[in-house]
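Throw the hints in and build the complete structure from the sequences for me.
Per the working numbering, the sequence shown runs over residues 1 to 316.
FYI, nobody ran anything at the bench for these hints, they're computed from the structure.
We treat Cβ as the ideally placed atom computed from N, Cα and C, and that holds for glycine.
The reader is advised that the hints may include incorrect statements.
Restraint-style ranges between C-beta atoms, simulated for each label pair [claimed, not checked]:
| id | residue 1 | residue 2 | range |
| --- | --- | --- | --- |
| 1 | Ala289 | Ala119 | 21 to 29 Å |
| 2 | Val47 | Val138 | 40 to 48 Å |
| 3 | Ala3 | Glu226 | 17 to 25 Å |
| 4 | Val47 | Leu208 | 16 to 24 Å |
| 5 | Ile300 | Val218 | 43 to 51 Å |
| 6 | Thr146 | Ala54 | 44 to 52 Å |
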Amino acid sequence: MRAFLWLLTSIAAGSALALQGRINGELGARLDHGMLAAFVSFAVGSVVLAGLLAVSPGSRAGVGRLVGVIRDGSMPWWYATTGLLGAFLVATQGLVVGTLGVAVFTVGVVAGQTTSGLAVDRMGLGGLAKKPITPPRVIGALLGLTAVGLALVGTGELDGAWLIVLPFVAGLLQSLQQAMGGLVQRHSGSAIAQAVSNFLVGTAALGLMVLVLTVAGVRSQPLPGEPWLYVGGVLGILFVALMSVAVHHLGVLTMGLGVICGQVIASVLLDIAFPAGHAVTIWSLLGAALTIVAVAVSAIRRPRRAAARSASAGRG
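Rendered as structure tokens:
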């Protein structure tokens, strides 16, 4: 039951990620500057986290513990740079979603994440327990890829599909980010501390990129006045905090498939409730249904007795 609840948590986080992609993509289109949209999203998130730290002694203590383990070498300092990977993901939202739509963006991220999730789990990166590559996990990953492929076919929008390389790379890195973020959360004992680390590093990196582009002559449109265009950073905080805890309970692959499930379902609902030129087709609905099946299959575990007999036989 506990694993099921964490799976629901990862699905909810995936829904937040899909909504964040739609918002940041719209902001990037309005500004005509995807990188600036990503910076604004991270900057807003950083301001919100600063407010949380001001009123939460427990969160401040978590940040203090994180600084302490970096100083004494208990945790390599570069594990706290996951904000660079998150910044790349958010930047691709601003650059790709406005051009190709959230469905194509999701396809790229999912393909990358399912490709790297098996390897991250198998090697136990980030201090996570190693998880074997079992048939259900492989089948679940393949079903997940098939599901998003169906959703892509349903859109009928393949022009400029080469841009999918950006979210694909972001998806590859996302599994690594989740594993590293899980270790940061474990050392600090605070999901908020992990989010603070993520957003500070990401904001600094994106700010530097915007500065370089500005010096190079890249200009943007004025900031839009609608408040909802600036809540992407808040959704990012929710996603990072939940995933840094859930990864310990589910592993990178199963958690990632839960996130994918949430992304696909939320993308369909967003296209129904707030049409943006991406019609919902039977293919999209089939893709969403197959993704849920993929999550269920990947969560299948062998009975402990069978696993123990298998292990004993292997040692014999």
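Starting from the range 44 to 52 Å, see whether the pair Thr146 and Ala54 falls in it by beta-carbon distance.
47 Å, holds
Starting from the range 17 to 25 Å, see whether the pair Ala3 and Glu226 falls in it by beta-carbon distance.
39 Å, violated
State, for the Cβ atoms of Val47 and Val138, whether the hinted interval 40 to 48 Å holds or is violated.
43 Å, holds
Verify the CB-CB distance for Val47 and Leu208 against the hinted window 16 to 24 Å.
18 Å, holds
Okay, Ala289 versus Ala119 on CB: inside 21 to 29 Å?
27 Å, holds
Range agreement (Cβ of Val218 with Cβ of Ile300, hint 43 to 51 Å):
49 Å, holds
In this structure, the one hint that does not hold is number 3.
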